[in-house]
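S.K.: Turn these sequences into a full structure, and let the hints steer you where they fit.
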Amino acid sequence: MAFEVRHLQKKFGDKQAVYDLSFELQEPGVYALLGTNGAGKSTSIRMMLGILSRDNGEVLLNGENFDTRKINVGYLAEERGLYPKYPIMDQLLYFASLKGLTADVAMDRIKYWGERLSVTEYLFPERKPGKKFKPTLADQMSKGNQQKIQLMAALISDPEFLILDEPLSGLDPVNTDLFKSVIREEIDKKKYIIMSSHQMPVIEEFCEDITILNRGKAVVQGNLNEIKKSYGRVNLFVKCDEDITDTIKTLGITVVNDTPAGIQLRVKSEAEAKNLLRELSDTNKTIVRFELREPSLHEIFIESVGGAAEGNDQDTAFDGMEEKAGE
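Numbered per our numbering, the sequence shown spans residues 1 to 327.
There may be inaccurate statements among the hints.
[Stated by the list, open to error] In silico BS3-like links for lysine-lysine, alpha-carbon gap of 30 angstroms or less: (1) Lys180 to Lys99; (2) Lys131 to Lys85; (3) Lys189 to Lys228; (4) Lys128 to Lys99; (5) Lys217 to Lys11; (6) Lys111 to Lys217; (7) Lys191 to Lys217; (8) Lys228 to Lys70; (9) Lys99 to Lys217; (10) Lys134 to Lys85; (11) Lys190 to Lys70; (12) Lys132 to Lys180; (13) Lys217 to Lys239; (14) Lys132 to Lys111; (15) Lys229 to Lys268; (16) Lys229 to Lys239; (17) Lys217 to Lys180; (18) Lys143 to Lys132; (19) Lys70 to Lys191; (20) Lys180 to Lys190; (21) Lys191 to Lys228; (22) Lys143 to Lys131; (23) Lys99 to Lys111; (24) Lys134 to Lys70; (25) Lys128 to Lys85; (26) Lys189 to Lys70; (27) Lys85 to Lys11; (28) Lys228 to Lys217; (29) Lys180 to Lys143; (30) Lys143 to Lys128; (31) Lys143 to Lys85; (32) Lys131 to Lys111; (33) Lys111 to Lys85; (34) Lys249 to Lys239; (35) Lys249 to Lys268; (36) Lys128 to Lys70; (37) Lys217 to Lys249; (38) Lys99 to Lys85.
No lab work stands behind these hints: they were computed from the structure.
M.R.: See the structure below:
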């Protein structure tokens, strides 16, 4: 089964939100969409799902139109959307019915996910003798627990295709680890997953292939490991007991950041790094740490989008434009 996005484009008024986005997911796994606020990630996801119309392009699964009415898709939106004054159990049963689940199957899955995500007490509140039973309303729950309910809604139909837009946003460390464990389980089940996130370590943990968007344009795209290799091992971190500033200056090596923990350098080649190591050894410097590595995804991201974040305040207007377009 292959998922393909071909030449997606979207314009709101005179603002081009997505220019010409194409990528593919040829086998089960996680594909990441990255970008600053307003870069076009959520707009692209909504076009894939058919929530927003496309100015151009197509979304295919096995060569056929990606139709969410025919394909079992789970979607966790960036904008959390529970009905605040309605019981969460009623909402979950309603979402399950939209996916064609019977009440019995839906209840079994709600019980499973309630235990898995530690929200059983809210789904099945204790009935106290002599008191009127009051189901839990969405706005009576913390934001983290509301997010768990929405993850349940995305997973309740056991979807073959899962789209997670900022799934870990706003979670505390405990719930972050819990959500990560659930995502790993879905990966182990050979699901197809599209993930959008601002958290670079999360993307590095789960995703093999990525697209970095900058103001609607794909500026970096492909296999993450191959992208890193293409940059080469040019990031060097050095820590010595002695001051090595003069040595670094003499060799003409670029200092990226000088901190109490050590000095971050950018070298032109591995040979330049070896030359520094040799010089430090020859002058009897006490080397505490000497690490030459490929750039992290965070560093690639910053280099790719540059100062784009400064200009993205106006781009957040896309959100409002999307709402009007959907009315």
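S.K.: The structure should be examined with respect to each hint, and the outcome stated for every one.
M.R.: Consistency of the hints with the structure:
For the given pair, Lys180 sits about 24 angstroms from Lys99 by alpha-carbon distance, which is consistent with the 30 angstroms threshold. Between Lys131 and Lys85 the alpha-carbon distance is near 20 angstroms, which keeps this suggested pair within the 30 angstroms criterion. Straight-line distance between C-alpha atoms of Lys189 and Lys228 comes to about 28 angstroms, which keeps the hinted pair within the 30 angstroms bound. Between Lys128 and Lys99 the alpha-carbon distance is near 33 angstroms, which puts this suggested pair outside the 30 angstroms criterion.
Restraint check for Lys217 and Lys11: the C-alpha separation of about 13 angstroms stays at or below 30 angstroms, so the hint holds. For the given pair, Lys111 sits about 43 angstroms from Lys217 by alpha-carbon distance, which is inconsistent with the 30 angstroms threshold. Our distance criterion of 30 angstroms between C-alpha atoms is met by Lys191 and Lys217, whose separation comes to about 27 angstroms. Between the alpha carbons of Lys228 and Lys70 the distance comes to roughly 38 angstroms, so the proposed pair goes past 30 angstroms and is violated.
Taking the CA atoms of Lys99 and Lys217, the gap is about 34 angstroms. The hint is violated against a cut of 30 angstroms. Restraint check for Lys134 and Lys85: satisfied, since their Cα atoms lie roughly 12 angstroms apart, inside the 30 angstroms limit. For the given pair, Lys190 sits about 19 angstroms from Lys70 by alpha-carbon distance, which is consistent with the 30 angstroms threshold. A hinted pair counts as satisfied when its Cα atoms are at most 30 angstroms apart, and Lys132 with Lys180 does not qualify at roughly 38 angstroms.
For the proposed pair Lys217 and Lys239, the alpha carbon gap of about 39 angstroms is over 30 angstroms, so the pair is violated. For the hint pairing Lys132 with Lys111, the CA-to-CA distance comes to about 23 angstroms; that is within 30 angstroms, so the pair holds. Distance hint between Lys229 and Lys268 is fulfilled; the C-alpha atoms sit about 14 angstroms from each other, no more than 30 angstroms. Distance restraint check for Lys229 and Lys239: the Cα-Cα separation of roughly 24 angstroms lies within the 30 angstroms cut-off, and the hinted pair is therefore satisfied.
Pair hint Lys217 plus Lys180 holds up; C-alpha atoms about 29 angstroms apart against a cutoff of 30 angstroms. About 26 angstroms separates the Cα atoms of Lys143 and Lys132, which keeps this hinted pair within 30 angstroms; it holds. Proximity of Lys70 to Lys191 is assessed by CA-CA distance (about 17 angstroms); at most 30 angstroms being required, the pair is judged to hold. For the hint linking Lys180 to Lys190, the alpha-carbon distance of about 16 angstroms falls within 30 angstroms, and the restraint holds.
Taking the CA atoms of Lys191 and Lys228, the gap is about 26 angstroms. The hint holds against a cut of 30 angstroms. Proposed proximity of Lys143 and Lys131 is supported: the alpha carbons are some 27 angstroms apart, at most 30 angstroms. A C-alpha spacing of about 17 angstroms is found between Lys99 and Lys111, which places the hinted pair at or below 30 angstroms, so the restraint holds. A distance of roughly 37 angstroms separates the Cα atoms of Lys134 and Lys70; the hinted pair therefore is violated under the 30 angstroms criterion.
Of the pairs offered as hints, the one joining Lys128 and Lys85 holds, with about 22 angstroms between alpha carbons and a cut-off of 30 angstroms not exceeded. Between Lys189 and Lys70 the CA atoms are separated by roughly 20 angstroms; this keeps the pair inside 30 angstroms, and the hint holds. A C-alpha spacing of about 35 angstroms is found between Lys85 and Lys11, which places the hinted pair above 30 angstroms, so the restraint is violated. Of the supplied pair hints, the one linking Lys228 and Lys217 holds, its CA atoms being roughly 20 angstroms apart against a limit of 30 angstroms.
Distance hint between Lys180 and Lys143 is fulfilled; the C-alpha atoms sit about 17 angstroms from each other, no more than 30 angstroms. As the CA atoms of Lys143 and Lys128 are separated by approximately 26 angstroms, the hinted pair is consistent with the 30 angstroms bound. Restraint check: the Cα-Cα separation between Lys143 and Lys85 comes to about 14 angstroms, which is no more than 30 angstroms; the hinted pair holds. For the hint pairing Lys131 with Lys111, the CA-to-CA distance comes to about 24 angstroms; that is within 30 angstroms, so the pair holds.
As the CA atoms of Lys111 and Lys85 are separated by approximately 22 angstroms, the hinted pair is consistent with the 30 angstroms bound. Of the pairs offered as hints, the one joining Lys249 and Lys239 holds, with about 15 angstroms between alpha carbons and a cut-off of 30 angstroms not exceeded. For the suggested pair Lys249 and Lys268, the alpha carbons sit about 14 angstroms apart, so the restraint of at most 30 angstroms is met. For the suggested pair Lys128 and Lys70, the alpha carbons sit about 43 angstroms apart, so the restraint of at most 30 angstroms is broken.
Pair hint Lys217 plus Lys249 does not hold up; C-alpha atoms about 38 angstroms apart against a cutoff of 30 angstroms. A distance of roughly 23 angstroms separates the Cα atoms of Lys99 and Lys85; the hinted pair therefore holds under the 30 angstroms criterion.
Hint compliance for this structure: hints 4, 6, 8, 9, 12, 13, 24, 27, 36, 37 are broken, all remaining hints hold.
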